[in-house]
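Protein chains: 4
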Amino acid sequence: MSDLEALRDRLREFSAERGWSGFHDPKSVLLALVGEVGELAELFQWLPASKAAELARSEPLRTRASEELSDVLLYLILLADVLGIDLPAAAHAKLTDSASRYPPGAAPS
Amino acid sequence: MSDLEALRDRLREFSAERGWSGFHDPKSVLLALVGEVGELAELFQWLPASKAAELARSEPLRTRASEELSDVLLYLILLADVLGIDLPAAAHAKLTDSASRYPPGAAPS
Amino acid sequence: MSDLEALRDRLREFSAERGWSGFHDPKSVLLALVGEVGELAELFQWLPASKAAELARSEPLRTRASEELSDVLLYLILLADVLGIDLPAAAHAKLTDSASRYPPGAAPS
Amino acid sequence: MSDLEALRDRLREFSAERGWSGFHDPKSVLLALVGEVGELAELFQWLPASKAAELARSEPLRTRASEELSDVLLYLILLADVLGIDLPAAAHAKLTDSASRYPPGAAPS
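Residue numbers (numbering that gives the first Met the number 0), protein chains in the order written: chain H, 0 to 108; chain E, 0 to 108; chain P, 0 to 108; chain C, 0 to 108.
Source of the hints: derived by calculation from the structure; they are not laboratory data. Since the model is a prediction, treat every value here as computed from it, not as a measurement. Wrong hints could be hidden among the right ones.
What the hints assert, rightly or not - With a cut-off of at most 35 Å between alpha-carbon atoms, the simulated DSBU-like pairs for lysine-lysine come out as follows:
id, chain 1, residue 1, chain 2, residue 2
1, P, K50, P, K93
2, H, K93, P, K50
3, C, K93, H, K93
4, P, K93, C, K50
5, H, K93, H, K50
6, C, K93, C, K50
7, C, K93, P, K93
Said to hold, decoys possible - Examples of chain E residues toward chain P, derived with CB under 10 Å:
id, residue
8, D24
9, S27
10, E41
11, Q44
Backbone N, C-alpha and C fix where the C-beta goes; we use that ideal spot for every residue, glycine too.
With the rest of the complex left out, here is chain H:
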């Protein structure tokens, strides 16, 4: 089983055990995701851009970044599930589409 599906299933169980599905309308889950993206941003905001990756390989930033990235991913998986979207399939399709729309040779946009 794919890990995105394994995480999705663990989240369904987590939510069911606590009776939290009622809170999980798309707009609420989206705001929770925004909250976690904010926590991730706060870890990096004042770091020099050219040193940020290097600094994240040491503690305590490594663990904090790991936790916040996870939080963002978990809410994203939850949101896809609430919306009935197959996230792995969608992401692979998007990459394939991007590869043809952005042929090698230009800067990112």
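Let chain H serve as the given structure and place chains E, P and C on it in line with the hints.
The following block gives chains E, P and C in isolation, referenced to the frame of chain H:
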């Protein structure tokens, strides 16, 4: 291979083919992720909360939401890779940790 | 009259003329604000950090940044109004509080 | 003097007293703004949409929302200043433009 790892490898190839790694410092990738979260938010902002999930099962919202969720996921996978973080392992660990910190019985926070 | 209050009053008129208040619950306005922050992020994501301010003094970035900053401000003013919060007073109070909590001598956090 | 300009001037003084201008490149300030938007989102994410405004008129949410709205505003004013953009003028111009682009009669988009 896990799909998070498969997507990570496809992104590495995508970036290498275009020589884009130089743009991929953590703060820049984080801003790109914020941009995509913004596009996702715009799809749902004026929808009634109680109808949003249902509306997302029809077109054109279904496809648009699918694309934007994918964009957020892809930048998240890229960011984890740039930071040298094992995203599937981190997410599973976070869920295990949350399960013990939030025992059944309380509302989400 | 303060410009934050003048803009707030113009927004009230704008919304009333169109019958849009029904859409303006805090969570919806917050998502709209997130959408605009995303558009702002997209303007800067791939620019080199050390050149970004300079690049923003020329067109077309100057006008685009101006528009997106405005959009973020307008939704922020709308949100404060929907919540019944006096935004200028709150901001001045926050600055005064920050000045005492962060005496000169340390890096930002 | 307008309150947006008064707050801008207080921020300039705050930053100069602490020698923080070196941290204030646009991308860093933008990430700080994202962090505060995240804190604002966290206050509202699980509240029922139809009750959120009412709940924000009581403590402790009233004070917390006030603080987070202020933080977002302050970073927005800082970002405009770093980019050399006249924020009040830009916001008024944007409203005027929106009033002509969205004549009364349609839902928001």
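Checked hints:
no.	hint	verdict
1	P:K50 / P:K93	holds, 30 Å
2	H:K93 / P:K50	holds, 31 Å
3	C:K93 / H:K93	holds, 34 Å
4	P:K93 / C:K50	holds, 26 Å
5	H:K93 / H:K50	holds, 30 Å
6	C:K93 / C:K50	holds, 30 Å
7	C:K93 / P:K93	holds, 27 Å
8	D24	holds, 8 Å
9	S27	holds, 6 Å
10	E41	holds, 4 Å
11	Q44	holds, 4 Å
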